[in-house]
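Line by line, the protein sequences are chains A and B.
Just so we're aligned, residue 16 is where the first sequence starts under my numbering, counting upward by one.
Just so we're aligned, residue 2 is where the second sequence starts under my numbering, counting upward by one.
A couple of the hints might just be wrong.
As the list claims (entries may be wrong) - For lysine-lysine, the following PhoX-like pairs were computed, each having C-alpha atoms within a straight-line distance of at most 25 angstroms: (1) A:K406 to B:K122; (2) B:K97 to B:K276; (3) A:K279 to A:K198; (4) A:K173 to A:K57; (5) B:K276 to B:K424; (6) A:K173 to B:K339; (7) B:K233 to B:K222; (8) A:K57 to A:K406; (9) B:K424 to B:K97; (10) B:K222 to A:K340; (11) B:K264 to B:K222; (12) B:K339 to A:K340.
FYI, nobody ran anything at the bench for these hints, they're computed from the structure.
No experiment lies behind these values; they were computed from the predicted model shown.
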Amino acid sequence: MKSVLSAALLGLAAPGLALAAPPAPTAEAPRDREKLQIPHEKYVLPNGLEVILAHDDRLPVVAVNLWYHVGAYHEDPDRTGFAHLFEHMMFQGSKHVPDDAHIGMLEKLGATSLNGTTNFDRTNYFETVPSHHLETALWLESDRMGFLLDAVTPESLKTQQEVVKNERRQTTETAPYGLADEKAWQALFPAPHPYHGAIIGSMEHLDAATMEDVRNFFRKWYAPSNATLAIVGDFDEAEAKRLVEKYFGSLPSAPRPEAPKVEKVALDREVVIRHDEQVASLPKVSVSWLTPAFFEPGDADADVLAMALSSGKASRLYERLVFDKRLAQSVSAYQQSLGAQSVFTIEAIARPGVSTDTLLAEIDAILDDVRENGVTEEEIVRARNKFETGKIAGLQSVGGFGGRADLLQSYNHFLGEPDRLAFDLARYDEVTPESVRKFARETLDPQRRVVLHAVPTQSGPSAAATQGGR
Amino acid sequence: MRRILLASPILALAFGCATAQKAEPTPAAAEAAADTEAWRAQPPRPGVPAELVTPTFQKRVLENGLTILVSERHDLPLVSVNVAFSAGASADPAGKAGLAEVTYETLLEGAGQLDALALDKAFADLGTAPYVSVGQDGAMLGTQVLTRNLDAATALLADIVLRPQFREASFERRKQQQLADLALQVGNPRFLASETFAEVVFGEEHPYGKLSSGTPATVEKLTLADARAFWKRHAGPKAAAFVVAGDITMDQAEALARKYFGKWSGNAQPVARPKPPASSARERVTWVAKPGLNQTMIMMGRPAVQAGDPDEYALELASSIFGGFFGSRLNMNLREAKGFTYGARAYVDGRRGVGPFVASSSVRADVTGPALQEFIAELQGVRERPITEEELEQAREGVIRAIPGSFESVSGLASAAASLFWKDRPLDHYEKMIAAIEALQLPAVQQVAEKYFDPAKMHIVLVGDPQVIEQQVQPLGLGKLEQRDPLRPAAAR
């Protein structure tokens, strides 16, 4: 139940003021942004590894979170999906850590929020462990940073190629709208743009990966100088520094690699894709535009507009398409902020019997109004509150997706400093009805966008059953 | 929060596997490296174990019967405030699957003087949004706010609970939304498997025999009168709890409860515990057609235990060892050794009544048969390769030590409190659970594993391509293949 779920997430993401400092922020008064700091220390080891320490002893746990500054963006265009495949190899053991033991060892210590993720711009590895197991987490992370290649075998590569191909089957090929969304994405970023492979990559490229690729990728992108280690939670500062030095200090240094130079892409027309949807049972329309990169001017306007369009029952798209006219099962609008170029997407899933063309006309009518009149001050204030809320609610967790460690890492990666929360939130104070109008007019151009109509094949038994059930 | 110091003899054991060194460096390589890094072969010893932090819960009951549950956490000015209801999807009357969910969702369609949009905006003005969640054993309405907005948010929740509008147009809109949500779900292999699994394991007539969403056929027939009747029968202070977690004390919570829910009256009683379903040998393999699907969704399971069952924690550990972790037998076999899948997992869901044991995975279509055989082999393997002391200690430590990390958020604390209410658990449930898990010995865990993991009693549900299932599953002799379409409005239903 997508609409139910998104409402629930909004409900959980309520505003909280970081680090317990009255007065609390209000919608009307200027916010007390100095209180939103996350105390931390950042330093760099001689081999180039960046270290961020942030102490927080509310619970006897500590998050260890490593960002390697390499993602799909840095892949060879003939090896789409490789950065992510490589991430899987990082769990297969290293010189001093037995084959495939990494996750199992941490699980049995009671680790939570244990994972690795690859996105377009970076790859991260994280675990939250009981605080007395900090050293084990550092031992595991340092061994794969320094000694991965001693343990990689053709067999482990082959297995992970299969696992990742299964992941592609599960999350793209047999997921509702998975292949349709991939087509739209590829139209936004034509090959050889490194975003083209949509992180997961193609089956052909996944099959083509070699041991040599693994070795070269590791040597180039997994040097300590291309990584940042964050430790957040309940630890003794001097002891943590000693352990970081012990485990990471002797890893050989290499110069920080240079990221590829990739020209920005632009659409010169409206691209319309009609996809014969095999998995989902309802038609979906999505409209996407290339938009300013993470933290560039316009990025915050896009976030605010997305909130005004689809967050809550009284948002513009939801009220008109779902609540009022009941043409759509659900709507969503979001800015996917990325390092090279971002993407703004509006999508609506049709109710049975409603065509995607009808939905598109409704979406266009709402956008025309925004292009003409912008949004209201009230909508901006509510969007600002909700956005702030989402960020600050994440501060409850030391680790995991969107927790303190990830937040510090994200600012460090994109802005060069870990604690830019106040700066980040201040961007939304500058958003005005006029700046949103300008964004809608100039960036959300009807002649430079990708429109996807994903319409289910009507012959499947499930489609027939749906009609029978109505 | 309560801090417990575990007398844990097992920490060293948890490291047993790490010391098993595999790659002996060749002499030349060893020489080249001058072995200055050889010390890394020894995994670090853990530090002094920190006290284990478990959440603490306080309870009071108002004169009208309303339970108040509080879990305090004051480091952020944040509160999760909720009303938990004891009637969940299992209280849906026969033939009206989906009624609980539609009824609770209709609450948000208008209350007091506010229609749905005005209500949404009133919460937005407090910087939040309300949510409703409906499970088999209960439902929860709530929100999360800054402490200073707690009073106003509670007032809105009280409007919703005490003065719901239940208007015809609102009900109809909500029902149509539910049907649209279901029309989307019928394309989702996991949903199809879960719906069919509930029917097969519990039987169509059992309270747990369908999902909370209902099916298009049952939801289509729901009326406003049904929703009003459900609400009248099940909503009342004796069958509800005011659940607050975060920056609040019990005295403050009680004052709030008195102010806004003190005059709530009604004699609705908590729903009865569902009776255990029949547990029988498998005769059929039930499958749902999804032509062209290049993965097959496998779901296996059976009725297992209810909350408080003497076997509960032994089965929890046995399920963890079997499929509860990444490093569990099932996942390491199907994913890491065979490359059949992106992941395979198993868990036991101890509910208010007897809940299921479930093992599932999405596997490559062309290995559907071999993957099923591996599922069976791993279940059988519990007898042939008994659980080892090491496996048990690892699962025990993993389960216990993960508890503090699971309670970082106030919404997590509130959910845990509501779960105690729904399942009639004591307030010191987590301490009792830890003590019980610490005390379990290998023979008891092995015995429970053998008792519940008998492959002959595991029901099997598959979603996939008809040809694949016909060709690969038929020859395995696991039972007669029976196709179902869980969404077809069968005459028998």
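For each hint, the structure was consulted:
Between the alpha carbons of K406 of chain A and K122 of chain B the distance comes to roughly 21 angstroms, so the proposed pair stays at or under 25 angstroms and holds. For the hint pairing K97 of chain B with K276 of chain B, the CA-to-CA distance comes to about 19 angstroms; that is within 25 angstroms, so the pair holds. Restraint check for K279 of chain A and K198 of chain A: satisfied, since their Cα atoms lie roughly 19 angstroms apart, inside the 25 angstroms limit. With a C-alpha separation of about 39 angstroms, the suggested pairing of K173 of chain A with K57 of chain A is violated against the 25 angstroms cut-off.
For the suggested pair K276 of chain B and K424 of chain B, the alpha carbons sit about 14 angstroms apart, so the restraint of at most 25 angstroms is met. Using a Cα cut-off of 25 angstroms, the hinted pair K173 of chain A and K339 of chain B holds, with the two alpha carbons roughly 10 angstroms apart. With a C-alpha separation of about 19 angstroms, the suggested pairing of K233 of chain B with K222 of chain B holds against the 25 angstroms cut-off. A hinted pair counts as satisfied when its Cα atoms are at most 25 angstroms apart, and K57 of chain A with K406 of chain A qualifies at roughly 21 angstroms.
A distance of roughly 24 angstroms separates the Cα atoms of K424 of chain B and K97 of chain B; the hinted pair therefore holds under the 25 angstroms criterion. Simply put, K222 of chain B and K340 of chain A have alpha-carbon atoms about 22 angstroms apart, close enough for the 25 angstroms limit, and the pair holds. Our distance criterion of 25 angstroms between C-alpha atoms is broken by K264 of chain B and K222 of chain B, whose separation comes to about 34 angstroms. The hinted pair formed by K339 of chain B and K340 of chain A fails the criterion: a straight-line CA distance of about 50 angstroms is larger than 25 angstroms.
Violation of the numbered hints given earlier is confined to hints 4, 11, 12; the remaining hints are satisfied by the structure.
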